[in-house]
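Engineer: Kindly generate the complete structure, drawing on both the sequences and the hints.
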Amino acid sequence: MIQDYALFAVKSFKARKLRTFLTMLGIFVGIAAVVSLVSLGQGLENAITEQFESLGTNKLMITAKGGFYGMGSSASLDKDDLKLIQNARGIRNAGGFVSKVGSVELGNERKYTWLSGMPQDESKKVISDISSFKVESGRDLKNSDKFKAVIGSYLAKGEVFDKKVRIGDKIVIEGRKFEVIGILAPIGNPQDDSQIIIPLDTAVELFGGEETYAAIMADVIDGQNPSAVAESLTRTLRRHRGLKEGEEDFSIQTFEEMLESFSSILLIVQGVLIGIAAISLVVGGIGIMNTMYTSVFQRTNEIGIMKAIGARNSDILKIFLIESGFLGIVGGAVGILIGFTIGKTIEFSAAQAGLEIFKASFPWYLIVGSLLFSFVVGCAAGGFPAIQASRLKPVDALRYE
Amino acid sequence: MIFDYFSLAFKSLTGRSVRTWLTMIGIFIGITAVVSLISLGSGLQDSINAEFESMGKNRIMITPGGGQFGPQGGEMSIGKMTEQDLNVVRKTKGVDVATGYISKSSKVKFKDELKFLDVWGFATDSESTEVVDRSGFLELEKGRQLKQGDRFKAIVGDSIAYDSFDKELRIGDTIDVEGQGFKIIGIQKPSTMTDSSIRIPLEVAREIYDSPEEISGIFVLTSEGEEPAMVADRLKRGLRRFRNLDEGEEDFSVSTAEQTIAQLNTILSLVTIFLSGIAAISLVVGGIGIMNTMYTTVLERTREIGIMKAIGATNRNILFLFLIESGILGLAGGIVGIMLGFGISKIGEFIAIQMGAAFFRSSFSVFLIVGSLVFSFVIGMVSGALPARQAALLQPVEAFRGK
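The listed protein sequences correspond, in order, to chains A and B.
The opening position of the first sequence corresponds to residue -7 in the working numbering, with each subsequent residue numbered one higher.
The opening position of the second sequence corresponds to residue 23 in the working numbering, with each subsequent residue numbered one higher.
It is worth saying that the hints were derived from the structure and are not from the lab.
This one's a predicted model, so the numbers in the text were calculated from it and none came from an experiment.
The beta carbon of each residue, even a glycine, is placed where N, CA and C say it ideally should be.
Treat each hint with caution, since some may be false.
Claimed, not checked - Which stretches of chain A does chain B cover? Using the computed rule of at least three CB atoms under 8 Å from a CB of chain B, they are: (1) 7 to 15; (2) 19 to 27; (3) 64 to 78; (4) 83 to 96; (5) 237 to 249; (6) 267 to 275; (7) 280 to 291.
As the list claims (entries may be wrong) - Simulated crosslink set (DSS-like; lysine-lysine; CA at most 30 Å straight-line): (8) A:K236 / A:K6; (9) A:K236 / B:K102; (10) A:K75 / B:K137; (11) B:K131 / A:K75; (12) B:K133 / B:K102; (13) B:K79 / A:K162; (14) B:K115 / B:K102.
Structural biologist: Structure follows, in structure tokens:
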């Protein structure tokens, strides 16, 4: 029975190829826009989530309050705070690092890039876990190193200086000579990939002598709840710094919280974009409605004959609903294909631009959802015309010219 | 003649009112979206430009950091600026007055409420107060400016005074900055750049932050008749020589007011274009709808076309007839769309003002309105072109024979 309806719809499309095609064109432009935007937004969110999760969710980040993540704030975190955090309840280990933009010279060329001072004692692992640094060639820094540096992959590829920086090369950082001993594996974004890592003590000296950390990272003991540990740590630090509740000049964030704040911003941006793109779907739906009205007009005689030989109102209704739903779903299917292509093209250009961590994402619910949605748009748009068709009186319909 | 085309098209459209309506709805949804987005976007741009314009174009900002790292560049950079850089700046030709400031995000307390706010230390010597007076964005709503000899006095920005704390700040109130009480002596006029900052005397700030030499930035007003861009170049050269750097290796950045406005405008335009572009997809879909309707119309009126041709209508006549019909479809959709778009962006403006952006006005230039009308007419014509051609090329005999 349902087969008959479908067959009927297909026949009717064949008779009016051009109109069918144009109507579907409207739907697939809309679906393509929505699908590609969702896949890109979803991909971006995945990339961020993945980065966070690879670090493990049992991490805390402690920064000074105010400024931009503590940068430019009058408050600061120093060695005392770090020691306190290392010995706090629920914390396995903690480490602080410093990070600033400074001058780097190779030969006669001078550039400005990020310099990170990383601890080389037992707290090193906490930081290197979080920063996902892997030394690809050469060796990593060790405790006894002073004027040695590990460089990001962009420096080694020759994208920062005209010349490629090699292991064993001498570079001048803020006026001091350093030997390059290792090269990091690509991290996936230009800023991280053009940084230089030096030992913490050396960095502190270069940056002006004061050991105040850009951030302190802490590992929570397995099995402990990170937010509970964060809370007790807040109390401890508050007492240490002699502050009242609500007057903290530092902030402790669990990775989950950071992830949530990122995701919610992304969600809003995505919502606005998809909302605007979805306008075109509404317009496409109106196109279907228009086509269906025309179709009902042109087939008034046919409807009359069907009714005369015993078709019920519900049969006619189904014929037209399936026809319009079909228009929607086929438009949707082609739209998904086009959207997929657009998403992949953008992924490719992002990778070319150095953002290799970005992958367009096409979860099954996006595909099934879009198909379902396009079918519903088709049916809804065909609703009025179909009802009109089903209520035609056989006599009037047959008489209609 | 042209009038005949229009009246014929009009008759044909009103003859099939459901289809005409649905086709137009397709267009006006699209036009509404595009018009309201553009008017909001360009309104934002105009409002910001107007504010910058009122301050004059003779301002130059100098900050440490290579500039490529954004507004926080100064804080992230190892390279700092000091009073000595300020001396170099003051001696540069074309610089009328200049002053250095330090800025820190600091603990500020008022009636047991603690916030982290931007605190700026501004010098109070005569040259610096002249910069403040003439800057255009540090004007006061009430009270007085800082003057030589002031110590624990503060000027607060508009949003600090009225929004930051549960209780509004008044002149004479005492706020606590980094554990030190400051008496409020002035409240600034609203200004997007400095609404959320607190100004205190530089010497006091140096004591509080234990920062005897460093400055976070230098603020310059150029002399009358000097081209700010030229002065900026001279400043760059001078500072480069003083700091012993080669060209292209600056660890500081010099930006004129014009550059700042230009950058802001570029970003805003890009966002507006991007959003309108996505919205314009719906216009394409609407155009496809027109094309579809016109094809159907041509099919239904084959016989009519045959008659017209038989009594002497040329191909061109038929072509124009259908082109104008589809153009009217687009145009009518456009008119309704512009009205709806106007309504939506006025609502957007109202919401923005409620949310505190008092300076915001949506903008409806003649250009936007005429442009959208022409655009919607053109979309209609372009979409109708193929169907109209098909109609025009019909052979009269064929036209009669076809049902």
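Engineer: Indicate, hint by hint, whether the structure satisfies it.
Structural biologist: Outcome of the hint check:
no., hint, result
1, 7 to 15, "holds (count 4)"
2, 19 to 27, "holds (count 3)"
3, 64 to 78, "holds (count 4)"
4, 83 to 96, "holds (count 5)"
5, 237 to 249, "holds (count 3)"
6, 267 to 275, "holds (count 6)"
7, 280 to 291, "holds (count 5)"
8, A:K236 / A:K6, "77 Å, violated"
9, A:K236 / B:K102, "34 Å, violated"
10, A:K75 / B:K137, "27 Å, holds"
11, B:K131 / A:K75, "29 Å, holds"
12, B:K133 / B:K102, "36 Å, violated"
13, B:K79 / A:K162, "46 Å, violated"
14, B:K115 / B:K102, "23 Å, holds"
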